[in-house]
Amino acid sequence: MQQYSEATIGLRNNISTPSTREKRGTDPLDLVEPIKQNYGHAAAPLTAHGAVIIMNKNFSTGFLFVNKTSSSDVLTRSYKTEERFTILSHVQKRRRQNGREKKTEPWSSYTSCMVPTSQAESPSNVEEERQENQQDTTQDPLETPIIRSSPRLPHTYPANNGADPFHCTVVGSDAYTHSMLRYAFSHVAKKTFLAEAFSLPSVQPNGRPMRHAHIMDERLKCCVNDDMLMYSTLAYGSSCMAWSVGKYEDNKPPEYFTGKALQAMRMRLSRTNLNQTPDIWLLLSIYALTITEFWSAVPELWTKCPPRYISVLNSDKRSRLEAARIHMRALVSVVDNAGGWKDVNPYVLESSVLADKYLAIYQMTTPVIPLTWDPGRMPKARQNEFPINPNSVLPQLGKKLLQIPMCQELTDVIKDVIDFSRVAYCTWSCVDMLTALDENWLFLRNQALVYRLLSFSDSLGNVENCVRLTTLLFMLNATEYHGAYVSARTTLQYLTAALIHARLWEEGFENGILFWCLCTGAMTTERSHEKEWFQSMLIKFFKSLNSVWVKQVFREDLEAYLFLAAKQDTQLSNLIDNLSATTQALPDQLT
Numbered sequence: 001m002q003q004y005s006e007a008t009i010g011l012r013n014n015i016s017t018p019s020t021r022e023k024r025g026t027d028p029l030d031l032v033e034p035i036k037q038n039y040g041h042a043a044a045p046l047t048a049h050g051a052v053i054i055m056n057k058n059f060s061t062g063f064l065f066v067n068k069t070s071s072s073d074v075l076t077r078s079y080k081t082e083e084r085f086t087i088l089s090h091v092q093k094r095r096r097q098n099g100r101e102k103k104t105e106p107w108s109s110y111t112s113c114m115v116p117t118s119q120a121e122s123p124s125n126v127e128e129e130r131q132e133n134q135q136d137t138t139q140d141p142l143e144t145p146i147i148r149s150s151p152r153l154p155h156t157y158p159a160n161n162g163a164d165p166f167h168c169t170v171v172g173s174d175a176y177t178h179s180m181l182r183y184a185f186s187h188v189a190k191k192t193f194l195a196e197a198f199s200l201p202s203v204q205p206n207g208r209p210m211r212h213a214h215i216m217d218e219r220l221k222c223c224v225n226d227d228m229l230m231y232s233t234l235a236y237g238s239s240c241m242a243w244s245v246g247k248y249e250d251n252k253p254p255e256y257f258t259g260k261a262l263q264a265m266r267m268r269l270s271r272t273n274l275n276q277t278p279d280i281w282l283l284l285s286i287y288a289l290t291i292t293e294f295w296s297a298v299p300e301l302w303t304k305c306p307p308r309y310i311s312v313l314n315s316d317k318r319s320r321l322e323a324a325r326i327h328m329r330a331l332v333s334v335v336d337n338a339g340g341w342k343d344v345n346p347y348v349l350e351s352s353v354l355a356d357k358y359l360a361i362y363q364m365t366t367p368v369i370p371l372t373w374d375p376g377r378m379p380k381a382r383q384n385e386f387p388i389n390p391n392s393v394l395p396q397l398g399k400k401l402l403q404i405p406m407c408q409e410l411t412d413v414i415k416d417v418i419d420f421s422r423v424a425y426c427t428w429s430c431v432d433m434l435t436a437l438d439e440n441w442l443f444l445r446n447q448a449l450v451y452r453l454l455s456f457s458d459s460l461g462n463v464e465n466c467v468r469l470t471t472l473l474f475m476l477n478a479t480e481y482h483g484a485y486v487s488a489r490t491t492l493q494y495l496t497a498a499l500i501h502a503r504l505w506e507e508g509f510e511n512g513i514l515f516w517c518l519c520t521g522a523m524t525t526e527r528s529h530e531k532e533w534f535q536s537m538l539i540k541f542f543k544s545l546n547s548v549w550v551k552q553v554f555r556e557d558l559e560a561y562l563f564l565a566a567k568q569d570t571q572l573s574n575l576i577d578n579l580s581a582t583t584q585a586l587p588d589q590l591t
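Each residue of the sequence shown is one higher than the last, beginning at 1 in UniProt numbering.
Just so you know, these hints were derived from the structure itself, not from any lab. Remember, it's a predicted structure, so these values are computed and weren't measured experimentally. Built from N, CA and C at the ideal position, the CB exists for glycine as well. Hints should not be assumed to be uniformly reliable.
As the list claims (entries may be wrong) - Just the calculated beta-carbon pair ranges, DEER-fashion: (1) 577 x 267: 52 to 58 Å; (2) 411 x 270: 48 to 54 Å; (3) 326 x 536: 37 to 43 Å; (4) 500 x 379: 42 to 48 Å.
Stated by the list, open to error - In silico DSS-like cross-links for lysine-lysine, where the CA-CA straight-line distance does not exceed 27 Å: (5) 342 x 317; (6) 252 x 304; (7) 247 x 304; (8) 190 x 247; (9) 342 x 252; (10) 247 x 221.
Make a model of the complete structure from these sequences and hints.
Right under this line is the structure:
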């Protein structure tokens, strides 16, 4: 060990002479080359205070020995900015230089600093190492410091960060891109898919494995050599990050990535046989553009962004909605030409259905994707495997609602909504028994019921239409995440118009159904003028009845129509608190 220290001290003294500094400058990185010239080895990183890193090849374990002066610090973990910057700057500079000298691979046009595997074991490198070993044997070991390089490792990973392929793409190695994608494909995706399966509030996203985690990871990995997938994913991620947490970049907004993705997608479609099994990454790219355009067409989502950007979205709202529908029709066309949705990956199907559903709700139109994927009711055999029988829970749910005269088609949908609510409550109450197939059924069944509510023609009567929209609003209120709540605010506008058109104060509009419609509308979580209207109408309704209500009565009367206390109790409590603070019409015992 004493030999290493003396050799290192000799090196330090040799490279730190005033004449060397005058020739090379004062930057410690300039002192690296004399070592390489004198000893034929790649230089080791230097600290700002003269610490030298030496790799000893004689040790099979590949230990790293560091000799430092008393003023040196902990190398790359140093709190001294200059010392840390010197080491990292040198390493990155040499890495990029080596990357430019390597021959390119097909995927290299999409990356900035990838190290090909073939170069690590190339003949030129082997020959260079052999010559270095020969040179070492001809020199006096007492005069020559032992500086050996570590064994070359296969570089099959991105040079910056092997765990994150986006850290080396053309978008640059910035922390914003890293956090943007991780946020979009971890926090947001987990919460969305769990909520859309009608889970209970007690089930947390981090406490349950994500059933689509594998394909999400594959999606990120494939972005390294697929520019279409990369740009569409970045458009999706940047848009999601902007509206959900307010992180928005002016120099590269979602529109920048959308434009790049469209160019790559046109080229992909031009050389794709649309009659073959659809490429999963092509479908995901079209979906990503669809949902990105839709998000940009909903200014209500972007409350956390600067007002100037929201005003831009408002001015271009109609064209963005049309662009989203064009992308959705293109997605359906590609899938139909390849044989339909039966062979499409579940992650692609569920993601596409979500985008289509919320686009249809926002415009209150029939969805584009045909309803060929409805799983139907859960088999009785599977229901009996759960300790809680759905027929024994929520016995009063929907009883009075089914007594209202309605067309048979709407009655069937209401019955299925009631059945689904009971099954979802039972299965999520036994979450340890819930499988990925069960969760897939819950997800698709929830979406299928919303599809059916959206697909009614204009032939419904006034009261029937109010029931349809309030049922839709109930399902959105009970789907606990921000996207569903924003869509509930949109649905509230259509329900307001339907109630006014139905002349809700005239005789014949039963008090129970009116109470349910007004309460469901007033329980929406997003602030809006329509919500205030529903609250004022609810106060007027109480005054007209001259009745005293308590919270338990609220629950019982609402459950007889459609209300889930396990999912909506907080919404009801907030409603009563707001009404109590607004007017003296409600007594103190309501709270």
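*Non-conforming hints, listed in increasing numerical order*: 5, 9
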